[in-house]
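Engineer: Letter by letter, the chains look like this.
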Amino acid sequence: MFKSKLFDSIGFIRSVFLIAFFILIFLASITYRHIKELDKISDSIMNTYAISIELGQLISYIKDAETGHRGYVITNDSTYLEPFINARKNVNLTFQSLNNTIKSDTVKQQQLIRIYELVDKRFSYFKNNFANKDEFNTDFKNGKMVMDSLRSEIEIMLSTENKLLTTKDKLYKYNNSNTPLIVFSTFLISILILGLGYMRIIKNYKDLVTQNIRLKIFDESSKQSEILGKYGSWLLNIEDKSFNFSDNTFRLLGCKPQSFQANLENLLNFIHPDDQEIFTAAFQNIEESAMLPLIHYRILKKDTLEIRHFRTTAKIFIDRLGNKNMIGTTQDITEDYNKTQLIELRNKELVQNNKELMEFNHVASHDLQEPLRKIQTFISRIEDREKEQLSETAKSYFEKIQEASNRMRILIDDLLQYSRTNRSEKRFEEVDLNQVVSNAISELSENISEKKALIHFEKLHHVQGIQFQLEQLFINIISNSLKYSKTDEAAVVDINSKKVKAYKVPKLKDDSKKEYLKITFKDNGLGFEQEYAEKIFLLFNRLHGKKEYPGTGVGLAICKKIVENHKGYIFAKGKVNEGAEFEIYLPI
Amino acid sequence: MKLFLKTDSHFLIKKILKEKLDVFNIKYNLINTNEILFLETIDTETYEKIATVLNDYGFEIIENQKNIIVQKIKETIIEMIANDQIPSVKSSVYLAEKLNHSYGYLSNLFSEVTYTSIENFIILQKIEYVKKLITHHNLTLTEIAFKLNYSSVAHLSSQFKNTTGITPSAFQRILKKRSEINNQNIN
Amino acid sequence: MQKDFILITLADDDEDDRLFFTDAFEELKINTVVNTVNDGVALMNFLNAPGTVLPNIIFLDLNMPLKSGIECLKEIKANPKFKDIVIAIYSTSSSEEDIENTFVLGANIYIKKPSHFGKLKEVLSEVVTLNWQYITSGLNKDNFLLRM
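Chains as they are written, first to last, in our numbering: chain A, 38 to 625; chain B, 114 to 300; chain C, 78 to 225.
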């Protein structure tokens, strides 16, 4: 459980760092792009400035040439021509540098070409010798016109440059104001993410430490429990077939911990020769079946040289690194084994004893019948023919003999019936309880009419059972009610059945949803003290004297036996002089 | 002196019977040495004569008038049950009317010859009929009780048990098992 | 009427029981001829002897030395020659299993030996008369099951 959580947080940390990494790359690229942009913008600003300066320079050179020329024309002093000549040179230089600056811009180049043509034209009006004043005047006038258009052309160019400058300036300012914000905020985010990652790492580390402590405790306790529970664990690397035994595994074999090389060959030396085959066979197929089936075998303990019974099972386990290991447990079950052997033996003895007892019971009661029947038959013959010839004393003795033999007959019959409820084959079939009641009533018809009894039964259910045993059960319970009925009141027995769930009847002590058929017999007879409710089901147990109510105390014991044969329960409720109620629960 | 004889008693009996019966001029068939079928009705006088003649030779007429009446009673009862004609009147009245004798006479006669009473015989026949219905027609007890005019299944069941000592369901089970065993033996 | 007697054979190893049985029939005054054998082997020898007139009813004790009643029952039922004989089990046992088992094996009557002589007479009388019904009224002997 904690393992997967740990791996999850590793994934989390990995993604945190991945996100932070990408954010930083993003940040770097944005910064780089911004710097690049700024570079470009400042380059073009410089460019614009250069163009404006050059253009201003150009005008001033032309003006110098004009002034020089004018001076020369007025004075005819050739020293005035020097600035004119220089101007021409400077103008060319300026053009060259301008041309360099605006190489890439065709619109500006055309403008420049036009300016150059105008400059050229202007210079063409600078003449050293004028033929006449008219020519001078015309030239002068033309020169001024050219100069004007030149000025306007330059003005246009300057103004576009200026406009460009202002927009670029604005962009520059804008960029300069946004960049730090973006960079800073992204930076903050990445710090935050990293912080989160850090916190998680710390938390995981703490978890790891506590888990490590727990693991150590667990390791210790498992070592202890291995000793107490007499088992050892081991690890088998499927690839290189190397074993790793826990300390207790060695101890179980009667060796000091880690005192020999843990492998299959060395292990086989301990195993009982008869069981070696089972052992090796089990290890042969471990890779295909991915497990070691539960095997039982014996080993010879090295130190005490006693034979112990071991049990081993194992499972293949593939860890996160993909290593295929088999984790196994070996247990010393000698004590359990011996106990089970003993229990089995005792059980066998018990079953045998029980069987013998039942057999004895059956044979005794069955074989006792034979002589008793003869005694009774002879008694009946004497009674029919010779009784009148007996003396009075003999007659009364004879009657005593008759009574005693009758009582013995009842005892033997009941006992036989009791033993038979155990012996008979338990053939379950669907039994209609209505039919069972009818048969019981016809069986008891004499008794019922004698007592003027009323047997009421609602429509009863069917149940899985042994027909004749259920009949016996009903007969016994009804006849019990008839026997203990009041003398001054007609006996009434109410029988009904209904289905109930086990958990709804607490006295069944069964919390399952298993269904039972609850059959209730309620009479209006003498009843009994509730404290005897359990006692009445015991064999030979009687609540009344033999004289008042003849009986053997077997009838209800038979009922209990029959109900138990059907895996059911029987309960009795009674109240003196108000009647008895028998509840029977039979599983459906 | 001693003589050793060999006789064919069969031949002898036949010869004697023929000689004695031919005197009466009645058509008859000798089915067996112990069974004669007369092909015409004979009056009581002739019957007595035949009886005396045969008696002289050690023959005794087994089948007599009483037996004939008893047989008739039985037949009437069997027919009555088999035809589902359980009469609404008492069976005693029914029998007296059918056979033209008082029920007291019939009853005494019946008991004398069969060692049992007419009532018992009726119950026995009814139960036998129930058995037949159970085994051959696979009827349920409820259906049978209805068919034979029993007041309830319980009544039928208890009468069955009282007559045979076993319950109808046990009867059914026993016959089923028997036929299973027989089938096994055949296979 | 003298010749309307019923032939009865009892197989029982107990001398007293044989005595009760024959005495009962004597007192009953039904036209019966009762003969007794002492065990299962004797019974089968008697039945298989060439001159024997077969009985109408055989009363079989279950618990007999040499050959038990059950074995006799099986042998009798396996032989078609004996198919008309009614078999009455006559035993001390009242075990439901014994009873049903003998019925399944083909017995017609099961009598638990009564412990009163008067009762014995009643039972035997009823068996014989009922058997008489089966013979004289043409009833299906396969359906003849009686438990007393």
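Each hint should be verified, as a subset may be incorrect.
Pairs of lysine to any residue residues, derived as SDA-like cross-links and limited to a Cα-Cα distance of at most 20 Å, are as follows [unchecked claim]:
no., chain 1, residue 1, chain 2, residue 2
1, C, K106, B, N142
2, A, K437, A, L427
3, C, K160, B, E293
4, A, K140, A, Y109
5, A, K520, A, Y569
6, C, K218, B, K162
7, C, K198, B, S230
8, C, K189, B, E293
The hints are simulated quantities; they were obtained by calculation from the structure and are not laboratory data.
Engineer: Which numbered conditions among the earlier hints are violated in the structure presented, ordered from lowest to highest?
Structural biologist: Of the numbered hints given earlier, those the structure breaks are 1, 4, 6 and 8, listed in rising order.
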